[in-house]
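For reference, the chains in residue letters:
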Amino acid sequence: DVKVTQSSRYLVKRTGEKVFLECVQDMDHENMFWYRQDPGLGLRLIYFSYDVKMKEKGDIPEGYSVSREKKERFSLILESASTNQTSMYLCANSPGSSYNSPLHFGNGTRLTVT
Amino acid sequence: AQTVTQSQPEMSVQEAETVTLSCTYDTSENNYYLFWYKQPPSRQMILVIRQEAYKQQNATENRFSVNFQKAAKSFSLKISDSQLGDTAMYFCAFGVMDTGRRALTFGSGTRLQVQP
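Order-wise, the sequence lines are chains X and W. FYI, the numbering for the first sequence is 27 to 140, going by the numbering used here. FYI, the numbering for the second sequence is -14 to 101, going by the numbering used here.
Extracted from the complex, chain X is given alone in its bound form (with noise of 0.2 Å):
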């Protein structure tokens, strides 16, 4: 089974802060996707990334930015924290092969910004 491991459950930070999200997958996928979820939107794609170093912006990347310098970790950052990126953040990947390949998402990070 692919795991795809969030290294934070809860996370609580204060405001201006440089916060870091990170989640490392123990299998050999391409695809790396960070999602924010917040209730009545849904999931929103902030970035992916299909590759070591490449990186793509999805429909809400301001405020954030990714880093992937080894392929089974993908961290978030928040370069400075602001009360409305308190949300639930979801790390997820897949096989670059096949696009009807299912997302293997990780348990979520549920962060508070105060």
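Note that these hints are calculated values from the structure, not bench results. Certain hints may be false.
As the list claims (entries may be wrong) - List time: in silico BS3-like cross-link candidates among lysine-lysine, alpha-carbon distance up to 30 Å:
| # | chain 1 | residue 1 | chain 2 | residue 2 |
| --- | --- | --- | --- | --- |
| 1 | W | Lys58 | X | Lys83 |
| 2 | W | Lys55 | W | Lys40 |
| 3 | W | Lys55 | X | Lys29 |
With the hints as your guide, set chain W onto chain X.
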């Protein structure tokens, strides 16, 4: 751009009964695929069922089946013999078959409560 609409924010069903969750989407693409995901209170998002747009036959996975109407851009999920473990958020998702965008577009979700 693709959009996915789930018009039922919340639904409730009695155990052992059948419930249908609706999903519509908008796209100009011809080759795409559709998914239903389930997110139980434990938060782990898991795949329920998938459908390729080129397949006319509706997908079925045990108690879960879809009604895929390509012309109407509709993709509803039917859960038969509902069980307490089906209580969860359900998300409809859309994906395009090209190399440029491998991410899925999700709907806003339907919270399903199965009552004993």
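Against the structure, the hints come out as follows:
Of the pairs offered as hints, the one joining W:Lys58 and X:Lys83 holds, with about 27 Å between alpha carbons and a cut-off of 30 Å not exceeded. Simply put, W:Lys55 and W:Lys40 have alpha-carbon atoms about 10 Å apart, close enough for the 30 Å limit, and the pair holds. Proximity of W:Lys55 to X:Lys29 is assessed by CA-CA distance (about 33 Å); at most 30 Å being required, the pair is judged violated.
Going down the numbered hints, you'll see the structure goes against just number 3.
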